[in-house]
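Starting from the given sequences, assemble the full structure and let the hints guide the process.
Chain by chain, the residues:
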Amino acid sequence: MQISYFTERPYRGLDEDEILKNKAYFAVPNALFDREQAANDYNYYLDEYCYAEELGFDAVALNEHHGNPFCMGSVMNVEASILARITNKVRIVLIGNPLPVLKHPLRMAEELAEIDLISRGRLVTGWVRGAGSEQFFNNANPAYNREMFNEAHDFIVQAWTKPGPWRYEGKHFHYRHVNPWALPYQKPHPPMWIPGVLSPETARWCAEHRYPYLGLGTALGPTCDLWDFYADEAARHGYQAGPENFGYLIPTFLAETEEKAREIGKNFVFGGGQNAFSRPEHTLPPGYNSKGAIRMLAKHPGGSWLGVSPEKLRAQSDEGRPDTTDFDTVRQKLLKGYGKAQKNLQLLIGTPESVLPKARTLLRVLRPSIFVFFNIQGPVGDEDRKTSMRLIAQELTPQLREYAKEIDLVDPFERAPGSVAYRNGVTRDPVVDREPLAALGMAG
Amino acid sequence: MANWTEQKAHIAEAELTLIKGGAGKPLFMLHDELGFPGWVKWNDALAAEHAFVIPLQPGFGKTPRLGWVRSFRDLAGLYSMAVREMGLDPVDVIAFSAGGFIAAEMVAADPKIFNHLILVGPMGLKPEKGEIWDIFPVTIRTHLRRTVADPGTAEFGSIYGGEMTPEQFEAFEDARAESARIGWEPYMHNPSLPYLLRGVKNVPTLLIRGAEDQIVPAGCVAAYAKAIDGARAVEIANVGHRPEIENSAEFVKIVQDFLAS
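Protein chains in written order, with the numbering used here: chain E, 1 to 444; chain S, 1 to 261.
What the hints contain is simulated information worked out from the structure, not anything from laboratory work. Ideal Cβ placement from N, Cα and C applies to all residues, glycine included. All clues stand as given, with none of them false.
Below are the PhoX-like pairs computed for lysine-lysine, each with C-alpha atoms no more than 25 angstroms apart in a straight line:
#, chain 1, residue 1, chain 2, residue 2
1, S, Lys62, S, Lys8
2, E, Lys260, E, Lys336
3, S, Lys20, S, Lys62
4, S, Lys62, E, Lys291
5, S, Lys25, S, Lys201
6, E, Lys343, E, Lys358
7, S, Lys112, S, Lys201
8, E, Lys291, S, Lys8
9, E, Lys299, S, Lys62
Some, not all, of what chain S presents toward chain E, calculated at C-beta under 7 angstroms:
#, residue
10, Pro137
11, Glu170
12, Glu185
Here you go:
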């Protein structure tokens, strides 16, 4: 079992009303940026990752977003480089570099090789397509997003493994002289874990490449469905998927008392939380989504996908009309969502005692061997953040490790993903346990 | 209003879907970045003397997407082949918005391909002043609303009014995706196009723009007027990016007069 620590590194100096007024984090004007606040936050978060190492987490995880106070990691490899030097034993997990948005896979191969070398082989690298808003921010053509993702990935693996120099003429990338001098410390290259929000295309791609898939706080029922889909794809590729193929990231906040945890935990919906990452028109750039995904959005009027429902799309068309948003009403609505997310086990809030059975349920149902704790969002002070980390590490994690051992959650370092052969004609082993879902009202 | 048919033509390995209707001298029509809005009043008004040939853009639903088409210039090359293979050249052309961009690329490459060139609210050139409004970071509803000065226009309502069906939503998303694929960067223009347009001589050219157009600024039309020798610009008052439906009577008259010239 790999227990990892993650934070979005939120910018902590922004008035919530500014986010509500903008109806999203993305596109909040940077006139509101304060350099002292940002300098403090960046330095604090690096210290916090060191504290995670001290507390015994197996890994620290970073991500990257652009032009967005929701996440300060606009160039994740910079932070990863620093952590490579100032930490000693934690794995550095990148979830992940947005390949189509960054548009320069050779440079990416070099940057990551340096991080792996400086850390002496502690890098776990992951890739993402980049959020919809990042296509706009980086002027990356959304209609080529998936193609560029695939091509950049294939190129990087080659750049790390195929002796140079050689020439590359692809569809989206062209290099005259591929011969990076710095190659990764790990051979043939660092492991890759792929985060996602339930796109079947990504899960299929992961299964094909035998890469673990990490669900990012996704709803339990659909996550089970996706795990099954991955496992079926894995069987088609000749192997039996197991816990080593799956990871799960869960927003978690612990405190000494239930009351304090519940009160501070509300910051997970600060400004609208994850669902307010960007407005619908920025979330769904043209061509970014598969035909299947667009068809699903078009045909399910009540459905919501990536936090964008047809209702939200309709509401967006009210552009230009006077804004009559009452922020208190919005906050009340957000708090309802906060309660619902806890009930659905998409947020763990409480004391170690109250959260333990819920975390055990997640492990039992999803059987992930990579479990990532995502620390609180919003303007929460250093001490409260650290208290939660300490309680997770010292009071929750030891019991979860025991339970993981008991239910055989073998991680990717203990058993290579894709190394268990699947025999044709034999029913594949289950990868999830749906039994507890009925009691949670999530069956069916 | 049913004097049109949908046909297929095999052009350059593409199964091109064409709308054909009317009678008389062929009129090649290039629709805008949202797709063919349907056969409406102005088509009917011109159909008595003009035989419309309207290719439905690859990737917009009816004609399959062509991976090798990666720019408006590539698409113009395909359409030029289509015009030649159908034996239409030289042909009169009327082209709207991004369709205007395609027609401009066609005439820049081969000035002899068109008899008359009509560009309506054309994209394709960097405006001398202002910007082509960014259609991509908005939803389709916002985009549609912005194409007209008056959303109460009856024909706008009959084309786009009511609840959007899943099929319409999908068709719009197809069109937006394909427009992004070939027009994302530089955004809906080609920096080399004005230079090539300077080689276009003796092609009667009419530039039409709605005075209240919120998609394509006047600076775009000004850039075309400067680039194409002898081009004439006409502005229709009180209408937006769709003068053909917001004031179809005046639009049709301007077009008829020009084509008869």
